[in-house]
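Participant: This is what each chain is made of:
Protein chains: 2
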Amino acid sequence: MFEATKVGRSVSKEEFKEQRDELRTQLLEVQRQLRETHIPVVVIVAGVEAAGKGEVVNRLNEWLDSRGLQTFAYWDLSDEERERPRYWRFWRSLPPRGELAVLFGGWYLAPIEHRFRGLCDDAALDAELSRIVDFERMLTQDGALVVKFWFHLSEKDQKRRLKELSRDDRSRWKMLPEKSKFSEQYQLFEHVAERVIRQTDRGIAPWYLIEATDNRYRDLTVGKTLLQAIRARIAQPLPMEPPPTADPLDLPDSAPAQITLLDQLDLTQKLERDLYKSELKRLQAEINELTWTAYKKQRTTVLVFEGMDAGGKGGAIRRITSAVDARLYRAIPVAAPTDEEKAHHYLWRFWRHIPRAGYMIIYDRSWYGRVLVERVEGFASEAEWRRAYSEINDFEEQLVEQGAILLKFWLQVSDEEQLARFHDREKTPYKQYKITDEDWRNREKAPQYKAAVNEMVARTSTEYAPWTLVEGDDKPFARIKVLSTICERLRAALAEDVLTSMRTVKRCGDHPERLAETESGD
Amino acid sequence: MFEATKVGRSVSKEEFKEQRDELRTQLLEVQRQLRETHIPVVVIVAGVEAAGKGEVVNRLNEWLDSRGLQTFAYWDLSDEERERPRYWRFWRSLPPRGELAVLFGGWYLAPIEHRFRGLCDDAALDAELSRIVDFERMLTQDGALVVKFWFHLSEKDQKRRLKELSRDDRSRWKMLPEKSKFSEQYQLFEHVAERVIRQTDRGIAPWYLIEATDNRYRDLTVGKTLLQAIRARIAQPLPMEPPPTADPLDLPDSAPAQITLLDQLDLTQKLERDLYKSELKRLQAEINELTWTAYKKQRTTVLVFEGMDAGGKGGAIRRITSAVDARLYRAIPVAAPTDEEKAHHYLWRFWRHIPRAGYMIIYDRSWYGRVLVERVEGFASEAEWRRAYSEINDFEEQLVEQGAILLKFWLQVSDEEQLARFHDREKTPYKQYKITDEDWRNREKAPQYKAAVNEMVARTSTEYAPWTLVEGDDKPFARIKVLSTICERLRAALAEDVLTSMRTVKRCGDHPERLAETESGD
Numbered sequence: 000m001f002e003a004t005k006v007g008r009s010v011s012k013e014e015f016k017e018q019r020d021e022l023r024t025q026l027l028e029v030q031r032q033l034r035e036t037h038i039p040v041v042v043i044v045a046g047v048e049a050a051g052k053g054e055v056v057n058r059l060n061e062w063l064d065s066r067g068l069q070t071f072a073y074w075d076l077s078d079e080e081r082e083r084p085r086y087w088r089f090w091r092s093l094p095p096r097g098e099l100a101v102l103f104g105g106w107y108l109a110p111i112e113h114r115f116r117g118l119c120d121d122a123a124l125d126a127e128l129s130r131i132v133d134f135e136r137m138l139t140q141d142g143a144l145v146v147k148f149w150f151h152l153s154e155k156d157q158k159r160r161l162k163e164l165s166r167d168d169r170s171r172w173k174m175l176p177e178k179s180k181f182s183e184q185y186q187l188f189e190h191v192a193e194r195v196i197r198q199t200d201r202g203i204a205p206w207y208l209i210e211a212t213d214n215r216y217r218d219l220t221v222g223k224t225l226l227q228a229i230r231a232r233i234a235q236p237l238p239m240e241p242p243p244t245a246d247p248l249d250l251p252d253s254a255p256a257q258i259t260l261l262d263q264l265d266l267t268q269k270l271e272r273d274l275y276k277s278e279l280k281r282l283q284a285e286i287n288e289l290t291w292t293a294y295k296k297q298r299t300t301v302l303v304f305e306g307m308d309a310g311g312k313g314g315a316i317r318r319i320t321s322a323v324d325a326r327l328y329r330a331i332p333v334a335a336p337t338d339e340e341k342a343h344h345y346l347w348r349f350w351r352h353i354p355r356a357g358y359m360i361i362y363d364r365s366w367y368g369r370v371l372v373e374r375v376e377g378f379a380s381e382a383e384w385r386r387a388y389s390e391i392n393d394f395e396e397q398l399v400e401q402g403a404i405l406l407k408f409w410l411q412v413s414d415e416e417q418l419a420r421f422h423d424r425e426k427t428p429y430k431q432y433k434i435t436d437e438d439w440r441n442r443e444k445a446p447q448y449k450a451a452v453n454e455m456v457a458r459t460s461t462e463y464a465p466w467t468l469v470e471g472d473d474k475p476f477a478r479i480k481v482l483s484t485i486c487e488r489l490r491a492a493l494a495e496d497v498l499t500s501m502r503t504v505k506r507c508g509d510h511p512e513r514l515a516e517t518e519s520g521d
Numbered sequence: 000m001f002e003a004t005k006v007g008r009s010v011s012k013e014e015f016k017e018q019r020d021e022l023r024t025q026l027l028e029v030q031r032q033l034r035e036t037h038i039p040v041v042v043i044v045a046g047v048e049a050a051g052k053g054e055v056v057n058r059l060n061e062w063l064d065s066r067g068l069q070t071f072a073y074w075d076l077s078d079e080e081r082e083r084p085r086y087w088r089f090w091r092s093l094p095p096r097g098e099l100a101v102l103f104g105g106w107y108l109a110p111i112e113h114r115f116r117g118l119c120d121d122a123a124l125d126a127e128l129s130r131i132v133d134f135e136r137m138l139t140q141d142g143a144l145v146v147k148f149w150f151h152l153s154e155k156d157q158k159r160r161l162k163e164l165s166r167d168d169r170s171r172w173k174m175l176p177e178k179s180k181f182s183e184q185y186q187l188f189e190h191v192a193e194r195v196i197r198q199t200d201r202g203i204a205p206w207y208l209i210e211a212t213d214n215r216y217r218d219l220t221v222g223k224t225l226l227q228a229i230r231a232r233i234a235q236p237l238p239m240e241p242p243p244t245a246d247p248l249d250l251p252d253s254a255p256a257q258i259t260l261l262d263q264l265d266l267t268q269k270l271e272r273d274l275y276k277s278e279l280k281r282l283q284a285e286i287n288e289l290t291w292t293a294y295k296k297q298r299t300t301v302l303v304f305e306g307m308d309a310g311g312k313g314g315a316i317r318r319i320t321s322a323v324d325a326r327l328y329r330a331i332p333v334a335a336p337t338d339e340e341k342a343h344h345y346l347w348r349f350w351r352h353i354p355r356a357g358y359m360i361i362y363d364r365s366w367y368g369r370v371l372v373e374r375v376e377g378f379a380s381e382a383e384w385r386r387a388y389s390e391i392n393d394f395e396e397q398l399v400e401q402g403a404i405l406l407k408f409w410l411q412v413s414d415e416e417q418l419a420r421f422h423d424r425e426k427t428p429y430k431q432y433k434i435t436d437e438d439w440r441n442r443e444k445a446p447q448y449k450a451a452v453n454e455m456v457a458r459t460s461t462e463y464a465p466w467t468l469v470e471g472d473d474k475p476f477a478r479i480k481v482l483s484t485i486c487e488r489l490r491a492a493l494a495e496d497v498l499t500s501m502r503t504v505k506r507c508g509d510h511p512e513r514l515a516e517t518e519s520g521d
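For the record, the sequence lines run as chains A and B. Heads up, the first sequence is in numbering that gives the first Met the number 0, so the first residue is 0 and it goes up one at a time. Heads up, the second sequence is in numbering that gives the first Met the number 0, so the first residue is 0 and it goes up one at a time.
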């Protein structure tokens with residue numbers, strides 16, 4: 000694969016100067032166009048040691064307008080990063096629409112290093128690479144351009160360059176292997192690199208292999224390649240969208256009369272008032288204990304509440320929060336996104352607020368808005384909400400891998416009960432703020448919402464993050480069902496060993512200590 | 000001071016119920032008004048152990064609309080927080096305009112605890128309290144309402160409550176002192192609390208002392224007090240502004256012809272081309288070394304570049320960045336604020352981007368926009384930009400206290416040279432993006448800008464963060480002056496012992512290990 004990067008291409012000083020100014024002008028021009036077309040660009044800079052990745056990034060910073068260009072390196076994992084799913088740090092680096100981010104290694108860094116150091120095998124590496132492919136597809140489908148550069152050197156050239164670097168202590172290359180080992184190491188690294196590139200070189204986010212022996216050739220080629228890639232992306236106004244897939248779950252929108260999951264709920268279930276009071280007290284005491292245990296065990300709890308308007312989300316949430324120490328939870332009511340949030344993928348604002356390990360976070364509405372209100376109201380295109388199911392499943396999987404306990408509740412009420420509650424809200428002074436014209440409008444779209452909910456539950460109720468459907472007509476019954484479900488799940492999860500509870504036993508590219516723990520547990 | 004909190008006030012269950020619904024309705028109403036009037040509200044919840052601070056916060060969460068209400072506790076200092084000035088975590092918690100934030104202890108927590116544990120004396124506590132007063136004044140002048148609750152218990156009541164708590168392991172109260180010591184501890188805590196409250200109880204941000212023995216009385220009183228405070232703040236549409244002070248530096252805006260600091264610069268200074276080349280090479284090599292040393296010593300470098308349009312900021316910055324490993328620096332071009340940034344104090348967006356320890360951060364324009372463009376263009380009122388000087392000085396002091404090395408450059412060019420550069424930019428393709436109509440307009444306001452610059456330099460050139468004025472007509476001369484200044488300052492600062500370089504030897508409320516180090520260094 001790397002033969003073409005070892006032919007000794009070079010550019011003379013004069014040629015370089017000649018081409019540079021023209022290239023700069025053009026790069027600045029496409030950068031301006033990016034801003035106008037709101038396309039975010041992710042540039043990955045990777046390759047063998049001593050290929051001059053830092054110099055390339057400096058060059059890009061010199062040639063491009065620094066307004067709208069950010070560089071990210073991934074040294075020194077902070078504990079804030081360690082306590083969150085490992086892609087959190089990459090989400091933090093994603094550029095807003097119209098800007099560029101240059102990432103040193105990005106999500107390739109850890110998997111390559113782990114495989115190279117023998118901490119995982121090819122199969123584990125492959126599993127991680129398929130996650131990367133999904134992630135990059137998600138970015139490009141959302142409109143981003145992903146440009147990946149791999150800088151390569153022949154064995155001889157790398158050896159020479161490393162020797163030069165090792166003269167001072169600047170390099171992060173920890174140790175130059177002994178002479179006899181160098182060739183072996185070089186070949187192993189090339190093996191890993193080839194595997195990584197082969198599996199992640201997709202049309203949506205191709206790799207560009209660049210010979211790095213001559214700095215001038217290297218930098219000019221990077222500039223020209225980037226220029227071309229941006230131009231091509233701008234010329235093609237929409238990212239490739241797969242046509243909406245046929246619906247394997249057979250849940251047509253147009254059949255509101257069909258019997259569905261939601262119809263099977265027995266909304267007449269009730270709980271007697273005295274029993275409610277005693278159960279509430281018991282469960283709240285248990286939740287209080289369990290949240291302290293979760294805090295000590297550094298397990299995050301994520302609760303997602305979705306439901307019909309006046310379905311009783313707020314009441315159920317208050318029964319939880321009044322039982323939990325205010326320092327241990329955060330309730331996040333999901334409202335309209337800010338403009339910084341709008342400038343990113345719709346999941347960005349949820350990644351942004353992932354708590355540190357050990358806390359409880361309660362979402363009053365959530366990322367499911369994408370497949371509910373955004374679908375029904377047409378704020379998201381069909382292609383967008385359709386692919387959201389797998390994006391959401393992947394997001395939740397990453398939360399669970401990190402050790403989070405994730406519960407999702409849908410609160411359903413009958414048409415009559417909803418109407419009664421709307422009228423009650425209009426009459427009770429401190430409830431009036433909860434009822435708006437929009438609620439009345441939403442009622443008219445009940446069949447479409449119902450279809451959306453059914454499909455959502457069917458497609459995103461996973462083993463690691465199941466939906467709990469709550470019969471909401473009787474508030475006491477609903478609240479006790481919510482609280483007892485939480486207690487049950489927390490009790491079971493906290494009794495488990497943390498490691499076995501993480502579904503993926505071994506992921507290449509994991510946070511360092513997790514990988515180490517897993518190894519010793521083998 | 001606390002006598003009034005020990006009289007045994009209580010509220011019956013019936014009274015509570017009677018008043019609660021009305022109070023809730025009114026709280027929701029003022030919360031709505033807050034949103035409309037864009038007033039941010041900071042609520043501090045502090046007091047003796049076991050007074051039920053967590054319960055109060057739960058109550059507020061129950062009564063208020065959770066949209067626009069966030070709660071923050073300050074456990075578990077993360078290393079991301081530890082590596083930044085200690086107020087960074089408080090800036091992170093400040094609510095956007097129109098919303099509320101409830102802070103457990105907030106900036107009072109650490110000073111009280113340190114003084115109580117004997118880690119600092121009264122004088123050190125007082126010094127910290129005066130910083131707090133400044134900080135709260137800054138928030139209120141920016142339009143915020145700061146409401147501070149102190150919950151108190153008599154010795155007997157506290158003892159009883161602590162015993163109840165100590166039965167389970169939920170409390171953060173590490174150990175209940177022995178019987179004989181309890182009274183002593185209680186009195187010491189009361190001594191510290193009284194001192195803190197007395198010194199920070201200003202009209203702009205008053206303390207409300209609340210008897211916490213009876214939960215119902217406590218919660219109702221909090222609700223009513225908060226309601227009143229918000230109503231009063233809404234009724235008074237603007238925060239109290241001190242009248243613009245007379246100008247002790249005697250730098251009247253209206254005297255552009257006056258001889259100033261800037262006029263004294265000898266703009267004819269030049270550097271010969273060969274000398275420039277050799278010096279540049281030498282200094283760039285040194286900067287490269289120094290940034291690695293700074294990284295190892297975990298010292299942050301903050302470079303601020305301000306200057307006239309076409310003053311040569313970009314060129315100077317590029318001479319630095321091309322010498323530094325791209326993983327070690329971040330260049331931040333300061334553009335228009337986002338809407339999230341606009342919803343906060345103007346310094347918020349700069350706090351937001353403070354780097355972790357050990358990195359270099361380069362600001363291409365900065366917080367000084369407040370006293371330059373915002374002053375001249377009238378975007379900030381006179382009261383606003385006048386108080387910005389001390390706000391900025393305090394901000395920079397906090398950076399330096401944390402160990403940052405802070406350098407500020409003003410690049411000055413003559414009128415003729417600026418004109419020549421404007422014309423050049425219009426002619427050179429890759430420079431055209433740098434010249435706009437605004438630049439031409441700014442030129443017409445040169446006298447006002449000059450006055451603003453003179454005052455800025457006079458008022459914010461501090462011992463710990465001096466301004467360097469750079470004669471910019473000859474680019475080689477200017478660049479070498481910038482680079483050699485940086486090398487000199489970095490060399491000197493990195494040779495120092497880190498501890499002595501932090502100007503404030505002892506600050507009550509410091510990050511834990513800093514305080515400990517200081518102690519042992521005493």
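Read the hints as simulated data drawn from the structure, not as lab findings. Don't take every hint at face value.
If chains are identical, the list can't say which one is meant, so a pair holds when it fits in one copy or spans any two.
[Said to hold, decoys possible] Derived lysine to aspartate or glutamate pairs resembling EDC-like cross-links, with alpha carbons at most 16 Å apart: (1) Lys430 - Glu189; (2) Lys295 - Asp75; (3) Lys433 - Asp64; (4) Lys426 - Asp20; (5) Lys296 - Glu395; (6) Lys426 - Glu21; (7) Lys16 - Asp213; (8) Lys430 - Glu21; (9) Lys449 - Asp262; (10) Lys433 - Glu61.
Here the structure is a predicted model, which means the values were calculated and not measured.
Participant: Confirm or reject each hint.
Facilitator: Consistency of the hints with the structure:
1. Lys430 - Glu189: Answer is neither; intra-copy 65 Å and inter-copy 41 Å both fail.
2. Lys295 - Asp75: Result: close only across copies, 12 Å inter versus 25 Å intra.
3. Lys433 - Asp64: Answer is between: at 9 Å across copies they meet the 16 Å cutoff, but 47 Å inside does not.
4. Lys426 - Asp20: between (71 Å within a copy, 13 Å between copies)
5. Lys296 - Glu395: neither (20 Å within a copy, 39 Å between copies)
6. Lys426 - Glu21: Between copies only: 14 Å across, 70 Å inside.
7. Lys16 - Asp213: For Lys16 and Asp213, the Cα distance is within 16 Å only inside one copy (15 Å; across copies 80 Å).
8. Lys430 - Glu21: Only across copies: Lys430 and Glu21 sit 11 Å apart there, 64 Å inside one copy, limit 16 Å.
9. Lys449 - Asp262: within (9 Å within a copy, 74 Å between copies)
10. Lys433 - Glu61: between (53 Å within a copy, 14 Å between copies)
In this structure, the earlier hints numbered 1 and 5 are contradicted, and the remaining ones agree with it.
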